[in-house]
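Residue numbers (my numbering), protein chains in the order written: chain Y, 1 to 369; chain X, 1 to 194.
Check each hint, because a few of them may be wrong.
[Stated by the list, open to error] Think about it this way: if two alpha-carbon atoms lie no more than 27 Å apart in a straight line, the pair counts; the simulated BS3-like pairs of lysine-lysine are:
{"hint": "1", "chain 1": "Y", "residue 1": "214", "chain 2": "X", "residue 2": "156"}
{"hint": "2", "chain 1": "Y", "residue 1": "225", "chain 2": "Y", "residue 2": "56"}
{"hint": "3", "chain 1": "Y", "residue 1": "347", "chain 2": "Y", "residue 2": "225"}
{"hint": "4", "chain 1": "X", "residue 1": "149", "chain 2": "X", "residue 2": "62"}
{"hint": "5", "chain 1": "Y", "residue 1": "356", "chain 2": "Y", "residue 2": "344"}
{"hint": "6", "chain 1": "X", "residue 1": "186", "chain 2": "X", "residue 2": "156"}
{"hint": "7", "chain 1": "Y", "residue 1": "56", "chain 2": "X", "residue 2": "186"}
{"hint": "8", "chain 1": "X", "residue 1": "174", "chain 2": "Y", "residue 2": "214"}
{"hint": "9", "chain 1": "Y", "residue 1": "56", "chain 2": "X", "residue 2": "174"}
{"hint": "10", "chain 1": "Y", "residue 1": "256", "chain 2": "Y", "residue 2": "341"}
{"hint": "11", "chain 1": "X", "residue 1": "149", "chain 2": "Y", "residue 2": "28"}
{"hint": "12", "chain 1": "X", "residue 1": "156", "chain 2": "Y", "residue 2": "26"}
{"hint": "13", "chain 1": "Y", "residue 1": "214", "chain 2": "X", "residue 2": "88"}
{"hint": "14", "chain 1": "Y", "residue 1": "221", "chain 2": "X", "residue 2": "186"}
{"hint": "15", "chain 1": "X", "residue 1": "40", "chain 2": "Y", "residue 2": "221"}
{"hint": "16", "chain 1": "Y", "residue 1": "56", "chain 2": "Y", "residue 2": "26"}
[To be verified] So, partial list: chain Y residues that the calculated Cβ filter (under 8 Å) puts toward chain X:
{"hint": "17", "residue": "8"}
{"hint": "18", "residue": "28"}
{"hint": "19", "residue": "30"}
{"hint": "20", "residue": "34"}
{"hint": "21", "residue": "36"}
{"hint": "22", "residue": "47"}
{"hint": "23", "residue": "50"}
{"hint": "24", "residue": "57"}
{"hint": "25", "residue": "71"}
{"hint": "26", "residue": "205"}
{"hint": "27", "residue": "208"}
{"hint": "28", "residue": "247"}
Calculated directly from the structure, the hints in this document are not laboratory data.
Every residue, glycine too, gets a C-beta built ideally from N, C-alpha and C.
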Amino acid sequence: MSINSNIYELAEGYLAGSLPNDEWLKLKDRLAADAEYATEFYEITDLIRSVEDNGKQKRFRSMLREVHDQQTRNPAKKIKLIELPAHIWRTAAVAASVAILTSTIAVWSLRPSIKQNNSQYNTISREMKHLKEVQARQQAQQAQLIENINKNTKPTPRSSDVKYTGTGFALTNDGYFVTAYHVINDGSGDGDSVYIQNSEGDYFKASVYSFNAKADIAILKVEKKGFRFGKGEVPYTFASGKTSLGRKIFTLGYPKDDLVYSEGYISSRNGYEGNAQQYTLELPAGHGQSGSPVVDEHGNVLGLLTGISGAEEANTYAVSSKALLDLLHTTLPDNMLHLAKTNKLGKLSRDKQIEKMEAYTFSVKVYKR
Amino acid sequence: MYGAENSEQQLLSALAEGQRAATEQIYRQNYHIINGWLIKNGGSSADAADLFQEAMVVLYGKAQTEGFTLSCSIGTYLFSISKHLWYKKLQRQNREPALLIDIGAEEDERGIGIRYDDDVNVHHEREAHYNMLDSALDQVGEPCRSLLKAFYHNDKSMQEIAADFGYTNPENAKTQKYKCLARLRKLFYSVQAK
C-alpha cells in the first residue's frame, strides 16, 4: 500500500492506529506538506469517526431497550399469540406479546414541523402519542409551577413495547408507497423494521427510499421481488397543485385491523399554524390513520393525513400531494417511479371507488428491533 | 457482575465500553428512582423509560471522553440529567421560556457542581449531528446504505458482509465500502454546507 493508495483506507488505518510505521511517516510528511490533502484527510477521519460513534451509540441504545424490557417485564402480560410469518417472528415477538395492550396506541402526531432540525432526542416521537394528554396538561399547567403538577397520569403501556402503526398507500403498483414520516421514524431512526399488512392480512417487509421529515412524508418500497399491490396500475391520480376550499374528500385507513372509511371536506387552505404544505380538514380521524390518502370525489389524491390537534381533536391535518410530488421530483431519479396517468375512479360510485382502492391501501407496522 | 467493592469509576469504564453487565447494574439501581419521581411530576412510565434511557445515553457519551471522571455519584448524575431533560422537554412543549427554573441550585445541596446544561446541550448537538448523518446515510442509495449500516451500526465483519452482499471476497467488499464512504461524504458535507 503506497501513500497514494485509497485515502479512505489510510484514514481508517490512521484511526485504528494500525498503520505500519513507514506508512505513518509518509502520511505525516504528506499531511504537513500538502494542505489540501490534509483538509480532505481530516474531513474523512471526522466522517469515519462520526459514523463509528453513531453506530456504537445505536448499539448502546438498543441494548438499553433490551435491559429495560428485561428488568421491567411483567409476567402478567404474557404472550398474546398473533399470527405472523415465521421470518418476522423474532423481531415481532416482543411487540406482539403486548399488542393487545398497545393496539390503540399508534403514533398519531402533529410533528412540530416548526422545529428546524431533527435533533429531538428519541423520546420525541413517542411523546407524540401522548400529545393529547400533554396538551390537556399544558392548558391546566399554564399558571402553575412544574413542581405542582401532580395529576391524572394515565396508565400507558411501556413505550419500549409499542408497535407503531399507520396507514400507507401505493404510489405505483410495483411496490412504491407513501406514508407519514413519523409512522416509520420514532426519532432514533434506526433498528426498526417496517412491514405492510394488506387487506388480506399478508405481511411484506419494506425499506425507506426517501423522506422529508419536516413535511412528514416517507416513501418506501416493498422489498419482495416482483411484488404487486393489485391487478393493475394504481386507480387514482395525484393532484399536482393545491385544491380549493370546501372540496369534499374522503379517506381510507387502518385505525384498527379493518379498513375504515370516513369523509369530510377541506376546511382551510393551510394546515397547522398556517403551514402551506398542508390542508386543514373537517374529517374524523384517529390513531393509526397517519399516512392515509385524502382523496376527492373524482379519485384524485390530494394529500395524506398527518395529525390532529385542538380540544376534542377538532382539527385534522393533511400534507398536500404537492409536497409529496415535490419530494418525488427532488429526491428520486426521473425514471424510477411512474405515477399512474389515468384515473380509474372518476365515474364510479363511492363504494366502487373504495373497492378499487382497497388493494392499494394498507396498514404500515413498525416493529422494534 | 460489579459488586459493592467495585468503584463507580470501574462501573463507568465498563459502561463506556458498552458492557451489558455494567449497564444492567446501573439500570437496576437507578431506574425506579427516576420512574417514581416522574410519576409524581406528571409523567408516565413510558416517559420515564424514554427519559432514563436518554440520560443513560448522555452518561454513556460523557464516559467516552478520555480521562473522564464524575464529580458526583452515578445516581446523582443520572437523576440530575433526567430532571434537566424533562424540564427542557416540558419547556419546549409549552414554549414557555420561564419554566426552566434554576434546578441546579436546588440540587446542588452538597456543593457538587454538576454542569447539567453543558452536558445536555452537548448531547443535543451530538444527536443533531447523528441525525444529519443518518439522513445522509438514508440518501446514499443501495447497496451502500445497507452495507454501511451493516458495518458501522450492526458491527458486522467484512467477511460477513461479503457473504451477505454477495461479494467474492472481503477485499472487494472493503473496496465497495470505501466507495460508499466517498458517496456518504459528498452527501453529508453538502448537507452541512447548506
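**OP:** Report holds or violated for the interface hint on residue 71 of chain Y, using the least CB-CB distance to chain X and a cut-off of 8 Å.
**Re:** Residue 71 of chain Y check passes; min Cβ-Cβ to chain X is 6 Å, inside 8 Å.
Original post:
Given residue 208 of chain Y was flagged as interface, is its beta-carbon under 8 Å from a beta-carbon of chain X?
Top reply: Holds: closest Cβ of chain X sits about 6 Å from residue 208 of chain Y, inside 8 Å.
Original post:
Between residue 221 of chain Y and residue 186 of chain X, is the straight-line Cα distance small enough, at 27 Å or below?
Top reply: Distance of about 25 Å is within 27 Å: holds.
Original post:
Hey, residue 56 of chain Y versus residue 186 of chain X, does the alpha-carbon distance stay inside 27 Å?
Top reply: Measuring from Cα to Cα gives roughly 23 Å; hence the hint holds.
Subject >> Per-residue hint verdict: residue 50 of chain Y, partner chain X, C-beta under 8 Å >> reply: holds, 6 Å
**OP:** Hold the hint about residue 247 of chain Y up to the distance rule: shortest CB distance to chain X must be less than 8 Å.
**Re:** violated, 33 Å
**OP:** Would you mind confirming whether the straight-line C-alpha gap from residue 156 of chain X to residue 26 of chain Y stays at or under 27 Å?
**Re:** violated, 31 Å
Original post:
Against chain X, with CB atoms and a cut of 8 Å, does the hint on residue 30 of chain Y hold up?
Top reply: With a closest approach of 18 Å, the residue 30 of chain Y hint is violated.
Subject >> Satisfaction of hint between residue 344 of chain Y and residue 356 of chain Y, Cα-Cα up to 27 Å >> reply: Measuring from Cα to Cα gives roughly 9 Å; hence the hint holds.
**OP:** Below or equal to 27 Å on CA atoms is what counts here, so check residue 149 of chain X against residue 28 of chain Y.
**Re:** Violated, at about 31 Å.
**OP:** So, residue 8 of chain Y near chain X? Judge it on the closest CB pair being under 8 Å.
**Re:** Holds. Min distance 4 Å.
**OP:** Please work out if residue 56 of chain Y and residue 174 of chain X have their alpha carbons no farther apart than 27 Å.
**Re:** This hinted pair holds, its Cα atoms lying about 20 Å apart.
Consistency with the previously given hints fails for numbers 1, 2, 3, 8, 10, 11, 12, 15, 16, 18, 19, 20, 21, 26, 28, ordered from lowest to highest.
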